[in-house]
Amino acid sequence: MNPGRQTHSSDLEVRLGPLRLRHPLINASGTMEILELGEAFGPGILTNPPVSAYVPKTVTLEPRVGNPGPRILETASGMINSIGISSEGMKEYCRKRLPRLLSLPCPLIVSIGGFSREEYVSLSSDLGRALKAHFGSEGWGDRVGLELNISCPNVHSGCASIGADPGETQEVVSAVRETWPGLLIAKLTPNVEDIATIGLAAVAGGADALAAVNTYRGMVIDRNTLRPYLGNVIGGVSGPAVKPLALLAVHQLYSAVDVPIIGMGGVSTVQDVLDFIACGARVVAVGSAAFRDPFVAEALAEGLRGALSVRGLHLDEAVGIAHRKVE
Amino acid sequence: MGGGHRPSTVPARSGRRAAWVIGSEVLGSLVRLSLEIPGWDAAGPGQFAMLHPEPSRSFLPRPFSISEQEGEMVAFLVAEVGEATREICRLTPGEQVWVLGPMGRGFDLDQILAGGRRLVVVGGGAGVAPFPLLLASVTAETIEADDGSVSAHAQRLRTAATREVVVLLGFRDAVQAGGGRRVEAAVSELTRRGVTCRMETVAEDGSHGAGRLVTDALASEVAPGDSVVACGPAAMARAVWDVCSAVRDVQAWFSLETFMACGVGSCHGCVVPAADGSILRVCHDGPVFSGRLLYGETGHGALAEPAVPSGSSDERGGSCRAGSGDKGGPRV
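The listed protein sequences correspond, in order, to chains A and B. When you line the first sequence up against the numbering used here, it's residues 1 to 327, in that order. When you line the second sequence up against the numbering used here, it's residues 1001 to 1332, in that order.
Everything labelled a hint here was simulated from the structure, so no lab data went into it. Remember, predicted model here, so these are calculated numbers, not experimental data. Careful: at least some of the hints might be erroneous.
[As the list claims (entries may be wrong)] Have a look at the derived ranges for each label pair, beta carbon to beta carbon: (1) Ile-321(A) - Arg-1105(B): 45 to 51 Å; (2) Leu-226(A) - Ala-1174(B): 29 to 35 Å; (3) Arg-324(A) - Arg-1105(B): 41 to 47 Å; (4) Thr-1092(B) - Pro-43(A): 34 to 40 Å; (5) Leu-226(A) - Ser-1188(B): 41 to 47 Å; (6) Ala-1140(B) - Pro-105(A): 38 to 44 Å; (7) Pro-105(A) - Ala-1223(B): 52 to 58 Å; (8) Asp-142(A) - Arg-1105(B): 34 to 40 Å; (9) Glu-1189(B) - Ser-103(A): 29 to 35 Å; (10) Ile-321(A) - Thr-1092(B): 42 to 48 Å; (11) His-134(A) - Arg-1057(B): 43 to 49 Å.
[Claimed, not checked] Far from chain B, some chain A residues (derived; all Cβ distances over 12 Å): (12) Ser-82; (13) Cys-94; (14) Ser-137; (15) Ala-175; (16) Leu-200; (17) Gly-206; (18) Ile-234; (19) Val-259; (20) Ala-290; (21) His-314.
[As the list claims (entries may be wrong)] Which bits of chain B does chain A cover? Going by a derived footprint, with three or more residues having C-beta under 8 Å, they are: (22) 1059-1071; (23) 1264-1272; (24) 1278-1292.
A virtual CB, placed ideally from N, CA and C, is assigned to each residue, including glycine.
Looking at chain A on its own, in the form it has when it is part of the complex:
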């Protein structure tokens, strides 16, 4: 570990189960519509994505329009949203969107959201069938992962209520595990008393990795009417304001489980990325920060390389370093 040691691009490569990521920066689900970005900024973002794996917006079994507006607002050092998962539904998703996403040159992590255990099973089975049809075989394990969104704060049943209960979390994960052979990630809500308990339940159910955290429940008041601003009243808070809270969640999960953790919550600078890695994240996701700069993940990956090099640390050594005593 000599400071200033030359690091190479491969130094940033990480494994997430069977997926090989060229660097640790991915996006949080629901914060980056890469196909739309291709329309706005040209196809370069599709042929050379800024993220090392792409996570599309959560898809639901049936089509959903999402919550009534207003749906978003800036808050102190961040934002609040109550999109409520708008989705074209799994059938249309597999027919139209999935084939285009599978042509991206990076691994794809499909995010699904259900309102019951059965829906999660249907969603993962549908996806498995679509992948088999697309690839003509089972050989897609190193290309596609599955993220269970059991943590959306903006829908009234399912989702977050499952993710808030260890028993239901374990049941949903294990039910999906029976039908889904590939990488299985559980995305956790921080709106629980002890996130480590939920993380342990997800791992017991067969999750290969944990993503933490989804947004924090909150609300905003309309300054003119003094009534709730969001159409749905409740929203999810994200951005730099939640970073210390999210860091603690990742720190607690790392102490509790042995599977890789995808850390997220207010990441917008290289130091934020390092902080999450230090707390135990092997992969770090950017969310709200990608709204203001769609290429931020790429810039953060470059910055991370430099920051590790300056400290003379290899990425593997940095993961969870906050849990080890200073030598």
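Fit chain B to the supplied structure of chain A, relying on the hints for placement.
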């Protein structure tokens, strides 16, 4: 995966451009902010850009209609409605601003002027923002190029009817009416280049137009076969549609304003309902929409409320609805 990295000496790509303030001028209750934006791609009328000062106390950029452009000089009309827009209104020459844009689907002049329709422009308050560029585009497309050649597109537009443009601006008071100055300049340029153009300004305080509302002015002006383009507060937009839909064969398009996080369609936060109940992303599917799509066939149908959520709130600088600035659309 694995290797195949670009060397770190290659600058990171970015969708956003670093720009610099070259001018800031008070126009009534608006600020006309001029930026030098290296690499700027010419915008179509009605398109917008996301602006984020560097540094900024705001986390997210704000959307603003592109008001004027000349090469890499791009101007915006900004209304101060909260902390973020206050920051933008106080920028001084030399300061840096991040810019994402041009974005969105703006006014489609092919469609708006098709068949030689007369163009009626209705701007309310900060909603005047997109119209200097719109009028400049009309100029460019209705007259001959300097070398005397006429494009097929321009040829089609060179009918007597198309050559008349009516501009109706409505303001709250005499001070706010100062925001119409750049529109006035664009109208003068149209006139100079041989397009018959009339402009009327009204203000609710009686300082202009005897206190008439802009929708009253529209009602006495609009005629069968007109194309109307409008931008302003939500209540005005809805009233414009009601006026238009009472006259035979009048088409209308509206530029909307909402709070946006991303401006590209990623966040699904800026949605408005269409008359048929479907959801429109203002940033990606608009910001310009036809009245029929937003309000339905009659103008008295489907939607209980206009497309833009009322009750601006926004907290920290809201800006969402930054008057015109923010993307120039209806605001309450």
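So, going through the hints one by one against the coordinates:
1. Look at Ile-321(A) against Arg-1105(B): about 48 Å separates their beta carbons, and that is inside 45 to 51 Å.
2. For Leu-226(A) and Ala-1174(B), the hinted distance range of 29 to 35 Å is satisfied, since their beta carbons lie about 31 Å from each other.
3. At about 53 Å, the CB distance of Arg-324(A) to Arg-1105(B) disagrees with the hint of 41 to 47 Å.
4. Our hint of 34 to 40 Å for Thr-1092(B) and Pro-43(A) holds, since their Cβ atoms are close to 38 Å apart.
5. Checked against the given bound of 41 to 47 Å, the beta carbons of Leu-226(A) and Ser-1188(B), roughly 46 Å apart, stay inside it.
6. For the pair Ala-1140(B) and Pro-105(A), the beta carbons lie near 40 Å from each other, so the given range of 38 to 44 Å is met.
7. For the hinted restraint 52 to 58 Å between Pro-105(A) and Ala-1223(B), the CB-CB distance of approximately 56 Å keeps it satisfied.
8. With their beta carbons about 39 Å apart, Asp-142(A) and Arg-1105(B) fall inside the hinted range of 34 to 40 Å.
9. Between Glu-1189(B) and Ser-103(A) the beta carbon distance is about 47 Å. The supplied range of 29 to 35 Å is therefore violated.
10. At about 44 Å, the CB distance of Ile-321(A) to Thr-1092(B) agrees with the hint of 42 to 48 Å.
11. One distance hint, 43 to 49 Å for the beta-carbon pair His-134(A) and Arg-1057(B), holds here, with the actual separation near 47 Å.
12. Against chain B, the non-interface label of Ser-82(A) is violated: not every CB pair exceeds 12 Å, the least being about 9 Å.
13. Every C-beta of chain B lies more than 12 Å from that of Cys-94(A), the closest at about 20 Å, which supports listing it as non-interface.
14. Separation of Ser-137(A) from chain B is adequate, the least Cβ-Cβ distance of about 19 Å exceeding the 12 Å criterion.
15. Non-interface call for Ala-175(A) relative to chain B: holds, since the shortest CB-CB distance, roughly 29 Å, exceeds 12 Å.
16. The beta carbon of Leu-200(A) is kept farther than 12 Å from every beta carbon of chain B, the shortest such distance being approximately 30 Å.
17. With a cut of 12 Å on Cβ distances, Gly-206(A) stays outside the contact zone with chain B, its closest approach being about 25 Å.
18. Distance check for Ile-234(A) against chain B: the nearest CB is about 15 Å away, which clears 12 Å, and the non-interface claim stands.
19. Taking the minimum C-beta to C-beta distance to chain B, about 20 Å, the non-interface status of Val-259(A) holds against the 12 Å cut.
20. With a closest Cβ-Cβ approach of about 7 Å to chain B, Ala-290(A) is found to fall inside the 12 Å limit, against its non-interface label.
21. Non-interface call for His-314(A) relative to chain B: holds, since the shortest CB-CB distance, roughly 16 Å, exceeds 12 Å.
22. Counting residues of the stretch 1059-1071 of chain B whose CB falls under 8 Å from any CB of chain A gives 3; the rule of at least 3 is met.
23. Restraint check on the stretch 1264-1272 of chain B versus chain A: 9 residues with Cβ-Cβ distances below 8 Å, three needed, restraint holds.
24. Judged by the Cβ-Cβ criterion of 8 Å, the stretch 1278-1292 of chain B is covered by chain A as claimed, because 3 of its residues qualify and three suffice.
Checked against the numbered hints listed earlier, the structure breaks hints 3, 9, 12 and 20; every other hint is satisfied.
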